[in-house]
Amino acid sequence: MATRSYTSRRELEQHTFPPAVTVLVPLAAILLQALLPRPFPRLAILDLPLIVTIFFAVSRRNPVAGTLTGASIGLLQDALTNTPIGVNGMAKSVIGYIAASIGIQIDVENLTTRIFINFGFFLLNSFLIFLINRRLLAHADFHILWLHELLRAVINTVVALPIFFLLDNARRRE
Amino acid sequence: MLSASTPPPPRPRRLADNYFKGMESFFTRFKNVLVLVAILLAQTIGLAVQVRRPVDPSAPDGSSVTLIRYWAVSAVTPFERFFHGFGYNLRHGWSNYIDLRHTRQQNYDLQQEIARLRLEQAALSEDAIQGHRLQALLNFQQHYVASTVAAQVIGSSGSDLSRVLYIDKGAKDGLMPDQGVITPDGIIGKLRDVFPRTAQVLLINDQTSGAGVVLATTRLRAILRGSTTGQILINNLTPDSRIKPGEQVLTSGGDQVYPRGLPVGTIESIKPDPDHQPYTLIQLRPAANLNQLEEVLVITGTQPALPPATQHDLAVGVATSEAQAAAAKQLADQQAAEAAAKSAAQIVADRLPGLHDPDHPEADTTNPATPGAPARVPKPLPTIHPDHFTSGATPPAADLKPGAPSSSDPVTIRNPTPSATQPSTTPQPPPAKPNQPQPTNPQP
Chain R
1 MATRSYTSRR
11 ELEQHTFPPA
21 VTVLVPLAAI
31 LLQALLPRPF
41 PRLAILDLPL
51 IVTIFFAVSR
61 RNPVAGTLTG
71 ASIGLLQDAL
81 TNTPIGVNGM
91 AKSVIGYIAA
101 SIGIQIDVEN
111 LTTRIFINFG
121 FFLLNSFLIF
131 LINRRLLAHA
141 DFHILWLHEL
151 LRAVINTVVA
161 LPIFFLLDNA
171 RRRE
Chain S
1 MLSASTPPPP
11 RPRRLADNYF
21 KGMESFFTRF
31 KNVLVLVAIL
41 LAQTIGLAVQ
51 VRRPVDPSAP
61 DGSSVTLIRY
71 WAVSAVTPFE
81 RFFHGFGYNL
91 RHGWSNYIDL
101 RHTRQQNYDL
111 QQEIARLRLE
121 QAALSEDAIQ
131 GHRLQALLNF
141 QQHYVASTVA
151 AQVIGSSGSD
161 LSRVLYIDKG
171 AKDGLMPDQG
181 VITPDGIIGK
191 LRDVFPRTAQ
201 VLLINDQTSG
211 AGVVLATTRL
221 RAILRGSTTG
231 QILINNLTPD
241 SRIKPGEQVL
251 TSGGDQVYPR
261 GLPVGTIESI
271 KPDPDHQPYT
281 LIQLRPAANL
291 NQLEEVLVIT
301 GTQPALPPAT
311 QHDLAVGVAT
321 SEAQAAAAKQ
331 LADQQAAEAA
341 AKSAAQIVAD
351 RLPGLHDPDH
361 PEADTTNPAT
371 PGAPARVPKP
381 LPTIHPDHFT
391 SGATPPAADL
401 KPGAPSSSDP
411 VTIRNPTPSA
421 TQPSTTPQPP
431 PAKPNQPQPT
441 NPQP
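Chain order of the listed sequences is R and S. Just so you know, the first sequence maps onto residues 1 to 174 in the working numbering. Just so you know, the second sequence maps onto residues 1 to 444 in the working numbering.
Rather than coming from a laboratory, the hints here were simulated on the basis of the structure. Treat the hints with caution; some may be incorrect.
[Stated by the list, open to error] Just so you have them, the derived chain S footprint on chain R, three or more residues with Cβ under 8 Å:
| # | stretch |
| --- | --- |
| 1 | 23-32 |
| 2 | 75-86 |
[As the list claims (entries may be wrong)] Listed next, with one range per pair, are the computed distances between beta-carbon atoms:
| # | chain 1 | residue 1 | chain 2 | residue 2 | range |
| --- | --- | --- | --- | --- | --- |
| 3 | R | Leu151 | S | Ala42 | 29 to 37 Å |
| 4 | S | Ala315 | R | Ala140 | 48 to 56 Å |
| 5 | S | Ser63 | R | Val23 | 20 to 28 Å |
| 6 | R | Val23 | S | Ala128 | 52 to 60 Å |
| 7 | R | Pro39 | S | Ser63 | 51 to 59 Å |
| 8 | S | Glu322 | R | His139 | 52 to 60 Å |
[Unchecked claim] A few chain S residues facing chain R, derived, Cβ under 10 Å:
| # | residue |
| --- | --- |
| 9 | Val35 |
| 10 | Gln43 |
| 11 | Ala72 |
| 12 | Glu80 |
| 13 | Gly87 |
| 14 | Asn89 |
| 15 | His92 |
| 16 | Gln106 |
| 17 | Val164 |
| 18 | Arg197 |
| 19 | Gln207 |
| 20 | Gln292 |
| 21 | Phe389 |
Ideal Cβ positions, reconstructed from N, Cα and C, are used throughout, including at glycine.
The whole structure should be built from the sequences, with the hints applied where relevant.
Take a look at the structure:
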């Protein structure tokens, strides 16, 4: 009788996505991020590329893939701004790595887990961007309103939950 | 069983194999971390190269960075153009064909506004022309907007830490980096990157933005900067009591990007700058709404003289002003002549006596009542049946002596007859007294 054994939990719950989804969803997130603030200036507080980065990282549960996904999304996001290319790239690389590492250890399908990881990663992203601008780029006048960043984390967490549920349907059925 | 002739395996190869196996296990064990470190290191090196490169105003990025930005922009802007065009046609299809309910009223209101602005222009034209004459005398160089290109805003950077916009015009439309971008309300920024069919506009409230400004009232020159929170600030002025909230701020023209005199904003608050003592931190409210921009103008050319259209408008304004002044002078002269004529007539009327009918004082033409003269007291009508109480019936005092014989004559009342030719200005003689008891002197 053939027996199956699973050597690690990662082999159980690793998800893959079609190539079209892997390419188009981040592009769509960046495009929406560029379009929405024009008619609705308040929506500039959203960070859809980061939401997509976190989702793909925790779904794939592969730190290398999470790092590369974060780096590519961040660099593309930097290319549309006037900041040096690499600020968002570095921040999202770190977040992609940490999100994937956490995804290996804990169950990220739970709603409560998703709330906490989204909220935490948005605060971490603000802190990393602050650190990069202040220490690496030596912008002494770079200030962040931490209350505004807290509000940004809350709003993006609320927006991330339905996006996560929507993207869950894009997983490959195995 | 090893024989004495079997040579032992060479030790260096075992060491090398062990070494490579160890390295392989190291890379395998720490693959994830090593990939992260490598990616971070590559991006850090990229950042360092970008930061160390000397900034060229015409090319803020290196060629490789510009290429990366060009790829990213090329991937995104076609979708932005599509969505922008779709929304634009939808909105204007509604407003241009269906929602025309208030067009006539709007047209009337706009015509009224134009008429008011023409009068206002007339009042300012002479001062403007005089100012230009004085500048010419002083050999003062000033640049005026000569040509502009209208563009639509199609997208943004997507980040509130980077305040840039994308417009649908590029190098093929004659745009170049560092050209100013304005709206009728005021300046909004300048071109940073120009691609073939699109361009990136750096807004004035971006943290890397700056402009030369002058305060409209105090004429103090300053440098305007953006901030990470999206505010526009002036932080290079020392405390000055003349600077007050509400003061207008204009472009100074010193940065060679914006022509002089364009509106920038209004001072909102003034407070000490904690980061740059002893300078003050002046926060401005921008003249243009930077959060909702749809159409902008890119200044593609400037010239030292006023554009022909502006010169024509100034000339029309001066002509209108002169015509108004002539009309006002003519009206003033006419009023002065009327006042002089009235005063001469009044003098003549005061000197000549005039006739008047007491029953019809308004019909009296010989002595017409002048406006402002006190009203005449009407003369009482003569009594028909006089009695003891009739006015003028009291005998004179000379007739009231004690012991004077009382008159037995019946009382004869003389009715005063009004004179037909002379006004009875003098009091009439009293009529004959009636029979009154005389006081008797007691006989000693």
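How the hints compare with the structure:
Using a Cβ-Cβ cut-off of 8 Å, 3 residues of the stretch 23-32 of chain R lie near chain S, which meets the minimum of three, so the contact claim holds. Under a criterion of three residues with beta carbons nearer than 8 Å to beta carbons of chain S, the stated coverage of the stretch 75-86 of chain R is upheld, 11 such residues being counted. The supplied range of 29 to 37 Å is met by R:Leu151 and S:Ala42, whose beta-carbon atoms lie about 33 Å from each other. The hint said 48 to 56 Å for the Cβ distance between S:Ala315 and R:Ala140, and at roughly 53 Å that hint holds.
The hinted window of 20 to 28 Å between S:Ser63 and R:Val23 holds, with their beta carbons roughly 27 Å apart. Look at R:Val23 against S:Ala128: about 59 Å separates their beta carbons, and that is inside 52 to 60 Å. Taken as a hint, the range 51 to 59 Å is violated for the pair R:Pro39 and S:Ser63, whose Cβ atoms sit roughly 35 Å apart. Judged by the Cβ atoms, the range 52 to 60 Å given for S:Glu322 and R:His139 holds: they are separated by roughly 58 Å.
The beta carbon of S:Val35 comes within 5 Å of a beta carbon in chain R, closer than 10 Å, and the hint placing it at the interface holds. Checking S:Gln43 against chain R by beta carbon gives a least distance of about 4 Å; that is within 10 Å, so the hint holds. Look at S:Ala72: its Cβ gets to within about 3 Å of chain R, closer than 10 Å, so that hint holds up. Given hint, S:Glu80 at the interface with chain R, holds; its Cβ is 6 Å from that chain's nearest Cβ, closer than 10 Å.
Among the interface hints, the one on S:Gly87 holds; its C-beta lies about 8 Å from the nearest C-beta in chain R, closer than the 10 Å criterion. For S:Asn89, the suggested interface contact is broken, since its CB lies about 15 Å from the closest CB of chain R, more than 10 Å. Given the 10 Å rule on beta carbons, the hint for S:His92 is violated: about 15 Å separates it from the nearest Cβ of chain R. Contact between S:Gln106 and chain R, as hinted, is not supported at the beta carbon level, the nearest pair being about 24 Å apart and thus beyond 10 Å.
At about 5 Å, the closest approach between the beta carbon of S:Val164 and any beta carbon in chain R falls short of 10 Å, and the interface hint on this residue holds. About 16 Å separates the beta-carbon of S:Arg197 from the nearest beta-carbon of chain R, more than 10 Å, and the hint is not met. The closest approach between the C-beta of S:Gln207 and any C-beta of chain R is roughly 7 Å, which is under the 10 Å cut-off, so the hint is satisfied. Because the closest C-beta pair between S:Gln292 and chain R is about 7 Å apart, less than 10 Å, the hint holds.
Taking 10 Å as the C-beta contact cut-off toward chain R, the hint placing S:Phe389 at the interface is violated, the least distance being around 97 Å.
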